[in-house]
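Protein chains in written order, with the numbering used here: chain Y, 1 to 282; chain C, 1 to 422; chain S, 1 to 284.
Treat the hints as calculated values from the structure; they're not laboratory data.
Just to be clear, a hint being listed does not mean it is correct.
DSBU-like mimics (lysine-lysine), calculated; alpha carbons at most 30 Å apart, straight line [said to hold, decoys possible]: (1) C/K405 / Y/K37; (2) C/K297 / C/K118; (3) C/K219 / Y/K54; (4) S/K82 / C/K297; (5) S/K199 / Y/K177; (6) C/K219 / Y/K145; (7) Y/K177 / Y/K192; (8) S/K199 / Y/K86; (9) C/K141 / Y/K135; (10) C/K367 / Y/K37; (11) C/K48 / C/K367.
Because the structure is a prediction, the values reported are computed rather than measured.
Each chain, written out:
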Amino acid sequence: MRSTKALPYLLLAPATIFLVVFFLYPFVLVAIDAFTKGGAVTLDNFRTMTSNWKFSETLRNTMLLAAVVVPIQLAMALSMATIVSKLSMGRSAILYIFAIPLGLSDLAAGLIWLTIFEQSGFLNSWLVSLGLIDKPIMFLGYQNKWVIFTAVVLGEVWRATAIMMVILVAGMGLIPKEYYEAAEVFGAPPWKRFTKITLPLLRPSLQTALILRVILAFEVFAVVAALSGTQFPVLMGETYHWQFTLQDRGVAAAFAMLILAISIAFTLLLLYLLRVPREARL
Amino acid sequence: MKKLLKLMTGAALAAALLSGGASAQALFWSTQAKPVEEAQKMRDIVVKGFPGGVDYQPSDDGPWLTRLQAEIQAGKGTIAVLGALHGSFSSMSGDLVDLSGVKLGDVHVNDQYRELAKLGSQEQKYLPWMQATYIMAANKKALEFLPQGADIKALTYNQLVEWAKNMAEKTGSPKFGFPAGPEGLKHRFFQGFLLPSYTKSMVTKFRSPAAESGWAKFKELWQYTNPASTTYAFMQQPLLSEEVWVAFDHVARLADAFNQRPADFVAFPVPAGPAGRGFMPVIAGIGIPKTAPDMAKAKELVAYMMKPETQIATLRATNFFPVVDVKLPDDMPNSVKVSGPAIAAQTGAKDAVPALLPTGLGNLGGKFNQIYNDTFERIILGGQDIRPVLDEQAQALKALISQAKVPCWQPDPMSQGPCPVE
Amino acid sequence: MTAVTNDMPIAPAAVTDARKAGNWLLIACIVLLCVWVLLPIYLLLVNALSSPAQVTGFPKRITPSFDFGSLSFFLNFQGVGKALWNSVVVALLTMVLSIGIGAPAGYALSRFDFPGKQAFRFLVLMTRAFPLPLLALPLAVLFIRTGLDDTAFGLAIVHTTLSLPFAVLITFSLFSGIPVELEEAAWTLGCNRWQAFRKVVLPLALPGIAASAVFAFTISWNEVFAAAVLTIENRTLTAFLLQSINVSPLYLKFAGGAALVVPALIFIFAVRKYLFAMWGIANR
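Using the sequences plus the hints, can you model the full thing?
Below, the structure is given as structure tokens:
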């Protein structure tokens, strides 16, 4: 293996070249927009961003949504993956059903959940026909911020749990069966087996699933816009608003840099929390 | 499966390499007539007759602007003709070709709009393409709740509030609707309807006591407004589902209700305030970017769009009315038959206060609208006190106007230098 | 490795255990989760197959009236066939590009320690953490200048920047879970590095590669913004239908949504078995 030293670089070269040309180059141009105004280097765009009266609400909403949605999705994705792995029959059918939301765009997902919650929507139709209420309830009114929030959480959990689940299913397939057999011999109950074998050995996949999901959570937009209108501003929505409606590319770029910074901070945190010690690797 | 996938991929690669090669069709890049049915009608009945063919592509503002900016930056383009609202054009004055040389024959275009389309310069930056305005629509079920003595053709804001209150109290849920969603056109309501009706002004009297009472009245109305209004963009939908019975919106965004159930809905003019019946037109224009691939053909297309026949076809397709002198045939869609008289009554009203679209704001247009939207969100949705909000937003407005250095426009009286905010 | 088959029964012990813990509970969970996932999709299809009056009416019925008016509006849309083809071409190209470029990178990250490794991982993650609509402008300028504008290949490149992080990270985590010893064993048996990879590692990593493929395909299939900016003649189905969906009448919204989701579901169905093709490799 004389080429071992060069091999990793050779393997990385295509991806690196690709990303430098098609991501890093445009990214640098946008970053320059964020830190300059009229050709001069300045933090003005960031000041405009943070001094906007909506800014703190926007930031809070985005973080809150991620903090609620991601743990629920993690729990659901783990249960789904475990269930699929336990099945002896119909495994492929069930896995397929669980993966279905992957095929939907977020625009379509927002549309579906809107027709469930809107005043003349399905939820009201059922409640009325079951006789639980006599006239439709307004779920998404601007005064009921918590109902809007709940609806957004449901929509997001429904739409994006499958991403994590598929990664975890693929990862679970690699856990050696002997470990479970050994645990069985020693009489470990199922829960113990899950926490002592599955979770630790699933760590690389868990890390990947969580990082990708958290990053995407900070870019949430379409489902929120469909269900809340302007009532639940999030960072990505404000980015669009500044770029296209207010036509201030500098401030929009500043928002994008903020999203990037938050994502990187959380990625580093997750990398640290779920680090895979070299000696513990299989 | 694997084989099939390989085969497909191979075919895909081959197709990707073989594709390309521009066609001769002129690209019409538009933010208007976006709904799939309208876009289809634009292709089928409006641009079909243009020799050489037209590729009509509507898109959202984001992609529309991004593509246009990219072509201008690259100095090479495929877009022949742009279609957009006045506000979109005003931010790209420098990138548009002067259209004053386009031969329109004996077509007479509305002079006021033509002037507006110069964007404060000497050149014809775009040509007015089609117009619309906002009117009111009501389900006939709502009429029995009209307050005593109210004439639906000459409502006041006070009567509207009373009407909405009656409906809310007697039916048990708020039945008035307003397009305050992210895609809704609410800023034009504040700029061109509410404020002019109370102050006869859009900018100058932004923080006057009269403006304060206008906002207070709207806040009162909001109590009886369907709270889902913050998600509405096109009022035809909640009208059809009967979530709301009475609504204010753009004629084109009410058209579906009139077309689907003409017997169930009525159209009528917007209400009046103490200063009169304020209203504003919506104007869409067509322009040519400097990067257009075939300038002569693009100009021909612009001239084609201005022909009376094309304008009538456009009305059928989009529910936007012609901007040229033309007599409408009798077989127009229901939406036109229903909304036409209401528009005529509104523009011809004795107490009419016509307001013009903002002129000369350049790319500050979005921020100008934002001031009105922020005022709305803070006073109505946020429940903040009216006076301090108006004072603060007036500061922002003042800063913006002095940055743009624009004089006043109708209904504010002409000014020397930047339009003052009193 | 040929002994590892598709339908490897899971250890009998696990089955008895599940029984002990309460098979009913498991079944109840499965049913509940299936309903949770399928119900919204069902509602989409009901609306797509209903008449406009039923879609806007109240109360809503939960069975379709089988009115194909809205769907056939889309199917008769001029150029829909070409747009569908463009979408498939772009999605498949995206898949090939992101796996072809991403999998080697994932393998390198899992097997080697080398200077610059962290920087690379960082670059990959950044790609996904930055809003694409802002990148679209400089990319479009670049594409117009280089002639990549309005080609399936150009759009596939943009979609690949979106899906590459998935491909790199998923294959990385999968390769990390495959014991190095397996490879080393193959080397001692006379395989060279490539042979060992192809015969030993690759089959084990197939689920991860399939997952990356699914992601690449669906990301590309559903992406609207870049598609709307970068394709004119060669519009994809999504750019063609979806971007105007927000402002279209309700019944057409549903029909368009349904028309778009079906091909994506067919694709996932086609690759689903690879997702856990090597389930239970444990018997090493």
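Quick rundown of the hints versus the structure:
1. C/K405 / Y/K37: Holds, at roughly 20 Å.
2. C/K297 / C/K118: holds, 22 Å
3. C/K219 / Y/K54: OK: C/K219 and Y/K54 at ~21 Å, within 30 Å.
4. S/K82 / C/K297: holds, 26 Å
5. S/K199 / Y/K177: With Cα atoms ~21 Å apart, S/K199 and Y/K177 stay inside 30 Å; holds.
6. C/K219 / Y/K145: Since the Cα atoms of C/K219 and Y/K145 sit roughly 19 Å apart, the hinted pair holds (cutoff 30 Å).
7. Y/K177 / Y/K192: Roughly 15 Å separates the two Cα atoms, so the pair holds.
8. S/K199 / Y/K86: holds, 28 Å
9. C/K141 / Y/K135: Holds. C/K141 to Y/K135 sits at ~17 Å (cutoff 30 Å).
10. C/K367 / Y/K37: Holds. C/K367 to Y/K37 sits at ~17 Å (cutoff 30 Å).
11. C/K48 / C/K367: violated, 37 Å
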